[in-house]
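Start from chain A and add chain B according to the hints.
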Amino acid sequence: MQIRPILSTLRHHKLTAILLTLQVAFTCAIVCNVVFMVAQRVQRISVPTGIAENELSAIHSRGIEKGENVQARHVADLAALRAIPGVRSAVAVSYSLPLNQSESSSGMCPSKQALDRAIQRNSIDGSGCVQPALYDGTPGLIATLGLHLAAGRDFLPDEYVSKGKPAVAIITRALAQKLYPGRSALGQSMYDGDNFFRVVGIVDTLLRPALSKPGVDGDSMIWPQRPDGSSVTYVLRSAPQDRQRVLKAAEAALLQASSNRIIDPKQMQTYTQIRNAYFQRDTTMIGLLIASVLGLLFVTALGIAGLANFWVQQRTRSIGIRRAIGATRGDILRYFQTENLLIVTVGIVLGVLLAVLMNLLLMTHYELPRLPLWYLPIGAAVLWALGQLSVLSPALRAAQVPPVVATRSV
Amino acid sequence: MFGYYLDLALHSLTRNKVLGALMVLAIAVGIGACMTTLTVLHVLSGDPLPGKSGKLYYPQIDPQDARGMMPGTLAPEQVTLIDGMNLLRAKRADRQALMAGGAVPIQPGSSSLDPFYVEARYTSADFFAMFDTPFLYGRGWTGADDEAHARDVVITRQLNDKVFDGADSTGRSLRLGGITFRVVGVLDSWRPNPHFYDLTTGSYNYYEQAFLPLQTALELHFAKNGSNDCWGNGTGGVEGNAYPSATCVWLQFWVELDSAAKAAAYRQFLVHYSEEQKALGRFQRAPNVQLRNLMQWLDYNRVVPGDVRLQAWLAFGFLLVCLVNTVGLMLAKFLRRSGELSVRRALGASRRALFAQLLTESGVIGIAGGAGGLLLSLFGLWMVRHRASDYASLAHLDPAMLLVTFALAIGASLLAGILPAWRACHVAPALQLKSH
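Chains A and B are the protein sequences, given in the same order.
Going by my numbering, the first sequence opens with residue 8, and the numbers climb by one from there.
Going by my numbering, the second sequence opens with residue 1167, and the numbers climb by one from there.
Quick caveat, the hints were computed from the structure, so don't treat them as lab data.
A virtual CB, placed ideally from N, CA and C, is assigned to each residue, including glycine.
Careful, some of the hints might be misleading.
Each pair of labels, with its calculated beta carbon distance range [claimed, not checked]:
#1 A:PHE305 - B:PRO1358: 34 to 42 Å
#2 B:HIS1387 - A:ALA83: 21 to 29 Å
#3 B:ASP1424 - A:PRO188: 51 to 59 Å
#4 B:GLY1472 - A:PRO384: 27 to 35 Å
#5 A:ASP289 - B:ASP1465: 18 to 26 Å
In silico BS3-like pairs for lysine-lysine, Cα to Cα no more than 30 Å straight-line [said to hold, decoys possible]:
#6 A:LYS73 - B:LYS1328
#7 B:LYS1328 - A:LYS255
#8 A:LYS119 - A:LYS172
#9 B:LYS1328 - A:LYS273
#10 A:LYS172 - A:LYS73
#11 B:LYS1221 - B:LYS1257
#12 B:LYS1444 - B:LYS1221
#13 B:LYS1218 - B:LYS1428
#14 B:LYS1183 - A:LYS21
Isolated chain A, as found in the complex:
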C-alpha cells in the first residue's frame, strides 16, 4: 500500500483531518484517565473487611425506659436472639462495625516514650503512635464476626469490663506491624496517655468503620468492653439465605423481650446492605464513568464514520477513475482503511501525551495516583479498533463504486 498518495490527498483536507485527529486525541486522553478512575474505584469497593460478610446481619435497638439496667437488658436480649432458629451466634456491640461509618478512635502509642515524642512534636505523625479504630463487644465477638486469629488468644471471660477501660486488647496485623515493626506485638503494652493495654491476640484483617487512606484503613483494635448504653447494635450470624428471615424474627424477639425500645427499620440490615450503602457513591460514580466512556467512544465512532462517508461521496469520481485504470476493490478498501489508520495513529500519539498531562493535572487536584503506563497501549488499541470498525462501512461503500462512474460527468 502506498502511503504517499494518501498523504497528498490528506493535504487537500488538512482542516478536516486535523479535526479528526484532535477528536481521537481527546477521546484517547479522556478514556485512558476515566478507565483508570473506574479501576481505582473498583479496587476501593472490593476491599476485604476480614469478617464473614455473607453470614452477618445487624439490628439496632434503643431502649427508652429510664433507669433500665442496660447490662441485664443486653444479656436477656442476647439470650432471646440466640434462641431464634437459624442464628448460630449473636453478640452486642456499641455501634462500630466495619464500613458502617460509626467510628470511635483513640491515639495509641507503642510505649510511653513514643507518646512523649508525639507531645514534643505536637503531632501524632512520625512519633510511632497510631490512631486505630476501636471495636468493642460482648464475649464471642471474634468468633461471631468470623475474624481469623493469627496469633495469641481470644479474650478471657474475666477480662471483660462494662465501665472504664479494659487492660488487654486484640489488634490487627497491620496495626501490630506499625506499632512494633520488626518484633512480635504479642505481650507488648500499648499506651494511650492514661492506661496501658497488653496485646493478647492478633487478627489478620479488620477494616475500620470509615475509610480514609489505604495506609491506615486496616488499623483497628478490639478491646473486651461490653456495650454500656441503652443504644446497642446486635450482630447475628446465620446462613446467608436465612438473614432476612432472621432479622424479622430478631425484631419480634427483641420487642417481645421488652417493648420499651425503638427498633429503626433503617438500622435493621444484612451486612451486605451495610457494605453496599457505604460504597453507594462509588458504585454510582462507576456507573456514570462507564456510561461516559461508552458515550464518548460512540460519539467518536459517529464522527469518524460521518467524515469517512463524506470523503467517500466527495471522491466517488476519483475512486471510479482508479477502478477504471485497474485498482481492485481491495485496493480501494485498503486505501480508506490505511487513511483512517494514519489519522487515528497521529491522534493516539497526541492523545497519549494528553492523557499523561491530564493525569498530572488530576493528581494535583483530586489525589489520584499516577496513571500506570500499560493503560496507554490498551487505550491506543481500543481506538485503533474503533477507527477501523467505524471506517469499515464507508470504505466498503467506496469499494462498491463501479469503474463506469469515471466516464460520467457529475
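Showing chain B alone in chain A's frame:
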C-alpha cells in the same frame, strides 16, 4: 433575511438527514452529559439561605491545650459547652444561637402509634429568627424560655401531620423521652440543603423534626448526635447519658451580624475573649480566631462532594469532544455545498451574508441539539435521583438551568459553526462554477 436563512437551514438539514442527525446527536449527547452534572453541582453548591447567608457567621475559637495531641493548628470546628454559653450570654452579635444535634423518643398520646425516635435539634431561641424558618402555626420560644429551661418544643409539619393529624397543635402537649413538652410552633416545610448549620451530621438530606431549647435538653440528658473532638483527658461520652466533657468541642455556634463593621468588631471581641480566657488559665494557646460567613464556611468544609466536581470536568471534556466532532461534520457539510454557495456569491451575495446564512444553520442545529440534550439531561437526572446517594433526591432541573441548557447548546453549536462557515464562505465563485 433571517427568516429566509432559517428556511434555507431547515431545507439543508432535511436534504442530508444522516449528517444532520449525527450533528444534532453529538450536540445533544454532549449537552445532556454536561447539564446533568452541572445541575447536580448547581443544586449542591447552592446558597441554602439566599439573601441572608452573607450576614450569618460561624465563629471559631481555639480552646485546646498547649500539648495538643490534635494534629495541625487549625481552630476546632465546633465549640465547647462553656465557651458556647459564654459567647451566647455575651450577646455581642445581633442574634446568636448555640446548638447541637440529637435524637428524642416521641411517645404519641394516641395508642395507635408506637413510640419512635426523631432527629432533634437542641438550640437556643434565636435559631428561628436567624435562619428565617417559616412557621405554619405558632412561633419559636424566647431567650427567657431558654434560661427557664422551658419544656417547649417546635415540631415540623411532617411530625405534626403524623402525631396531630395536621391540626394546629400549638399549646398541646407532646411526650418526649417520658417528659411532657408543650408545642409552641409548627414549622412549615423547611429543608435547607446543605444542612449548613451542622455539617457533622452529614451535609445533605438530614432533617430534624423536633426543635427544643438547648438547656432543657441538656438538663434532661437527651441523647446527642454528631461528632466531638477532645483533647487532654476529655472523653466523648457517646454512650449512656453523659455529655462530652469540658475539654471537648461538640456544639455549633452561629451569629448574625448585619454589617461588615459589626463582623470586624465581633472578630475583635473573639480575640479579646480568647485573651481573657488565656489570662484566666482556661485557654493555653495564643488567640486563634476565625469568623467565616455561611458560604465561606461551606466552602471551607468542602461540602460539595469532590466526585461531583470531577464529574462536571469530565462532562466538559465530553462536550469538547462532541464539539470537535460537530466542527468536523459541519465543515464536511458546508464544503460539500461549495457549488451552491459559489452560485450565491456569483449572484451577488456578500461573504457576510453567506457567513450569516451558515451560522444560522449551525444555530438551528444547536436548538435541535439543545432540545435533545434537555431530554437526555432529564433522563440523566432521573437516573441520578434513583441512586441512593444522600444528595440524589435533590437533583431536579430548575428554570435557570433550563435556560443555561439552551444557551450552552446554541453557543456551542455557533462556536462549532464559525470555523466551517468561515472556510466555506471564502469559496472563489468563478472557480467553483467552472468545475461544475
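Hint check results:
{"no.": "1", "hint": "A:PHE305 - B:PRO1358: 34 to 42 Å", "verdict": "holds (40 Å)"}
{"no.": "2", "hint": "B:HIS1387 - A:ALA83: 21 to 29 Å", "verdict": "holds (24 Å)"}
{"no.": "3", "hint": "B:ASP1424 - A:PRO188: 51 to 59 Å", "verdict": "holds (58 Å)"}
{"no.": "4", "hint": "B:GLY1472 - A:PRO384: 27 to 35 Å", "verdict": "holds (30 Å)"}
{"no.": "5", "hint": "A:ASP289 - B:ASP1465: 18 to 26 Å", "verdict": "holds (24 Å)"}
{"no.": "6", "hint": "A:LYS73 - B:LYS1328", "verdict": "holds (25 Å)"}
{"no.": "7", "hint": "B:LYS1328 - A:LYS255", "verdict": "holds (25 Å)"}
{"no.": "8", "hint": "A:LYS119 - A:LYS172", "verdict": "holds (18 Å)"}
{"no.": "9", "hint": "B:LYS1328 - A:LYS273", "verdict": "holds (18 Å)"}
{"no.": "10", "hint": "A:LYS172 - A:LYS73", "verdict": "holds (25 Å)"}
{"no.": "11", "hint": "B:LYS1221 - B:LYS1257", "verdict": "holds (16 Å)"}
{"no.": "12", "hint": "B:LYS1444 - B:LYS1221", "verdict": "holds (29 Å)"}
{"no.": "13", "hint": "B:LYS1218 - B:LYS1428", "verdict": "holds (15 Å)"}
{"no.": "14", "hint": "B:LYS1183 - A:LYS21", "verdict": "holds (25 Å)"}
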